[in-house]
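Chains A and B are the protein sequences, given in the same order. First residue of the first sequence? That's 1 in our numbering, and the numbers climb one at a time after it. First residue of the second sequence? That's 1001 in our numbering, and the numbers climb one at a time after it.
If you're looking for bench data, these hints aren't it; they were derived computationally from the structure. All values reported here derive from a predicted model rather than from experimental measurement. Treat the hints with caution; some may be incorrect.
In silico DSS-like pairs for lysine-lysine, Cα to Cα no more than 30 Å straight-line [stated by the list, open to error]:
hint, chain 1, residue 1, chain 2, residue 2
1, A, 69, A, 133
2, A, 449, B, 1309
3, A, 16, B, 1309
4, A, 90, A, 74
5, A, 366, B, 1174
6, A, 41, A, 121
7, A, 74, A, 121
8, A, 235, A, 163
9, A, 90, A, 69
10, A, 163, B, 1070
11, A, 31, A, 449
12, A, 163, A, 202
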Amino acid sequence: MSEGGVFENMAIRTFKGGVHPSYNKDATYAKPIRSMPSPGKVVIPLHQHTGAPCEPIVKAGDEVKIGQKIGDSKARLTSPIHASVSGKVKAVAKHAQSSGVDGLSIVIESDGLDTWDESVKPRDSVDRLGPDKLIGILREAGIVGLGGAAFPTYFKLTPPQGKAFDTLLLNGAECEPYLSADHRLMVERPADVVAGARLLMKAIGVERAVIGIENNKPDAISALMEAVEGDDSIKIVPLGVKYPQGAEKQLIWAILGREVPSGGLPVDVGVVVNNVGTAVAVKEAVIDGMPLVRRVVTVTGSCVREPANLMVPIGTLVSDIIEVCGGTRIPPKKVIIGGPMMGIAQYTTEIPVTKGTSGILLLSEKEVAGDEPIACIRCGRCVEACPMNLMPLWIAGYAEAARFDESERLGALDCIECGCCSFICPSRRRLVQGIRLAKAEIRARRNAKRG
Amino acid sequence: MEGSGFIVSSSPHQHTTVSTPMIMSDVILALMPACFAGVWFFGLPALGMMAVCVGSAVITEAALTKICGKPVTVRDYSAAVTGLLLALVVPPDLPLWAGAIGSIFSIAIAKFTFGGLGQNIFNPALIGRAFLLASWPVFMTRWRWPVHEAAWIPKFDALTTATPLVLMKYMNIKAPYAELFIGRIAGSIGETSAFAILLGAAYLIYRGHIGLRIPLSFIGTVAVLTALFGQDPLFHILAGGLLLGAFFMATDYVTSPVTPRGQIVYGVGCGVLVALIRLYGGYPEGVCYAILIMNAATALLERYTIPRKFGEVKRVA
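Here chain B stands alone, though its shape is the one from the complex:
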């Protein structure tokens, strides 16, 4: 038999079927319940925001890779994930042009300037959100009630519509658990429905794409600290962006530690920061900044949490 034509490569010769594009598309699939809830509660403008953010993220990535002569990487779906996540963490009435700018900023500045997929230090979608909040703070803090209005919503001032965390922090009004759970509350497009987010998170866990270390240590820390400071931990878990952040943002592979112990410290760190911001900070909500700050600590955490090698002799004295 002729020898020519055989592929000669280094072992292993067998691979898992799970691929990066598959993981990214699974994340998109897992976000579908939250997307659906967003459109259900905030109407078609929410759908428009998703389309604009995903579209501008993908176009930005394609254009930049092309201009720089790099392989076009949009087919790994990571840009689409960034765009979609950004759309889910902005208010429903944000002008579409602002969403587009945020999305472009996410990809061009937060991801591409660092070297593209896998290289960025900060979560691009959250950088996009932080950028929008700094640039158009009014748009970014103008909330709207869901189109399906509920009886409990306080009617005292139609203009000061506020998120449950704002109502809690400044008016001591607590939204009912049921409303928080299904998401009939004011908030960012994709963060209001705990149910929808948990559904997607369960899918990612089932598929093995995310572990429990980061989300559980994150959420657990928030619960413990808010309880310690005399607040309702369940309310703090369900309100605001905690669940979306803990399951879909803090678990972002690129910007969170790869070491198991590092992941726990990272999750705890996120939780501490969220609790501090919510309880004592100038903002009612702190998930975005908490994760971004911990992103900055990721490399350091990894350095100090390298696993013990199998067979590494325990140091005696």
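This is chain A alone, in the form it adopts within the complex:
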């Protein structure tokens, strides 16, 4: 495959399979990001990233300031956490969390002063920072992937022995319906996105970056094109409007025509993918010296009185955010953290925003109306829609029959849980749910075997 052709050909790039859900972004995509006033209290989970949980380094009664590190771990894969308001630590206790599992969290009562920690100050001589220094800064700043997976960024930027990067991809697809946080960041802060991209390029030592943006965001595309004008090392590539265009492997395929091997990582094809929001956080961490203490969250769904894109302190309770958005218009039937395709349904709104929270959806009875599953009619729509080219009906079917070895043979572990199969199923079968069951079971068996 000719690499040069990737950029010469401006045809809209996309991937095989996928679905076209209603995007439902109208309520927020044109709304500028506003900063939420500091809430009375924040609940900051010690474990909000992939990897080992943090150990608390503050205790009840301690005074903390914004940006002060309050949790860290000695593990190889982890990410420190920082106070997002100034005030007093009220407790280190278990608290409900969007993952569904109660997790140890640091509860801080705000003093309302928003005092920043002395350590947070613009860094000079940024240009002299080498890759190792940059990666160290990102680790200390608690930067993780803001697209939802919350994978520690510093870890992703360090290639395993014998592998190397040649391209940085920034993910501006934002293919999840309802969400517009990334869209707004690209429109409002294109210079920060590009600055973050340059820092990431330097950190991994590559000369080339591509920012992929779904073609339904022309304002974001032109804003970024303007921001990179005169810099040939960063390209803006419009992508087809299809879900899951922003899935890592599909994005790499669409932009570079490279196929991440089954069970492998983007680095296996010389690529690292970061979200555009993460790029902004990288810029803030390196240049402004600010750790990850806030993020943009899209608050929407037909139950929200005033849908918004809000900059919120990490640890803000969803219930407080809903208040800031004017409360609810009608009682929500479903509360989702994330987007409607991959987000997690919540049983309470007393849960904090974490680093991976891209959206809060309050959906009405009408929006969540779902039929009960009926028999599979073998229409094959799930097979056509699967962006990983799997056979969802069989993998889920075998899982339901507890024949997990068959699910595994059919590639259950390759499933990216994008939800296309369940979305498209005319019999409303819970296909991803079945595949998740298979994956959990297969992994449990492997672990058991390892002893």
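Since the structure of chain A is provided, determine the placement of chain B on it from the hints.
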């Protein structure tokens, strides 16, 4: 805010509006042109056959689910589709009671004993037809000219009214394309009008309910093989039950492969069998048996045509 009352379920939380009952009712809608043509050419008895077959299929399904204590599934319209398809593939003069028996057999034996919707190996309507053909071969091969008679129809013997394929196979008389296209020929109630069938097929394709792999590979194979053996491929496409079979029967989700490559092999297989039966078999027409035989091969075809996973490493040496 109170937490109670929120629905907590696995993602995705958004779904397409296309549902199985919607697909089934779209199939019924797509069959309407063929139904209309059937009534136009063969009169009210055709309408009676449709009513009897649909009615007995739905009643059979409702009764069996009720008796067995299963959820009553007639509201997915699949039984109605089976009944209607059966009515379209029987001769217009078949006694109504025979249509009813065929329909009951379709649902009770071909569908229900296998486990109901989605579980049957063979297309229920075609099993019903095959059953009727085996049980009442005389009724099932007694044809009638359309009520709107056309000038080209050979008048040599009013009793030996025959379908274009029969005329071709045994008398070397070729029905004109125009008559085949509009359907003013002898044949099963819903199979004669190519125009009406294509209209319905176009609707199903437009709605995204059927793909082109099966119908095109099926029809294409018949065309190529008949041409190779010195016959008129266009005649073979338009005559008999090929178009109805290729667009409405072979594409039956339940009994055809779900894998893209499997669908092509399946379509080609159907085409080969139809051509063999028409050219060399004891019957003038072979669409019904061709599809049923390929139904039996579906599971095997799927097994050998599982798509290559995205990211699956190409085997080196």
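Please work out if residue 90 (chain A) and residue 69 (chain A) have their alpha carbons no farther apart than 30 Å.
holds (16 Å)
Given the hinted pair residue 16 (chain A) and residue 1309 (chain B), is their Cα-Cα distance within 30 Å?
Distance ~11 Å between residue 16 (chain A) and residue 1309 (chain B) Cα, so the pair holds.
Could you grab the alpha-carbon distance between residue 366 (chain A) and residue 1174 (chain B) and see if it respects the 30 Å cut-off?
violated (58 Å)
Between residue 31 (chain A) and residue 449 (chain A), is the straight-line Cα distance small enough, at 30 Å or below?
violated (52 Å)
Please verify whether residue 90 (chain A) and residue 74 (chain A) have alpha carbons no more than 30 Å apart.
holds (25 Å)
For the pair supplied as a hint, residue 163 (chain A) and residue 1070 (chain B), confirm whether the alpha-carbon distance does not exceed 30 Å.
With a Cα-Cα distance of about 57 Å, the restraint between residue 163 (chain A) and residue 1070 (chain B) is violated, given a limit of 30 Å.
Residue 163 (chain A) and residue 202 (chain A): Cα distance at most 30 Å?
Status holds; Cα separation ~17 Å.
Starting from residue 74 (chain A), check that the Cα of residue 121 (chain A) is at most 30 Å away, please.
Satisfied, since the Cα-Cα distance of roughly 25 Å is no more than 30 Å.
Between residue 69 (chain A) and residue 133 (chain A), does the CA-CA distance stay at or below 30 Å?
Holds, at about 19 Å.
Given the proposed pairing of residue 41 (chain A) with residue 121 (chain A), does the C-alpha separation stay at or below 30 Å?
Judged against 30 Å, a Cα distance of about 24 Å means the pair holds.
30 Å Cα cutoff - pair residue 235 (chain A), residue 163 (chain A)
holds (24 Å)
Run the distance test for residue 449 (chain A) versus residue 1309 (chain B): straight-line Cα separation, threshold 30 Å.
Roughly 26 Å separates the two Cα atoms, so the pair holds.
Violated hints, in rising order: 5, 10, 11; the structure is consistent with all others.
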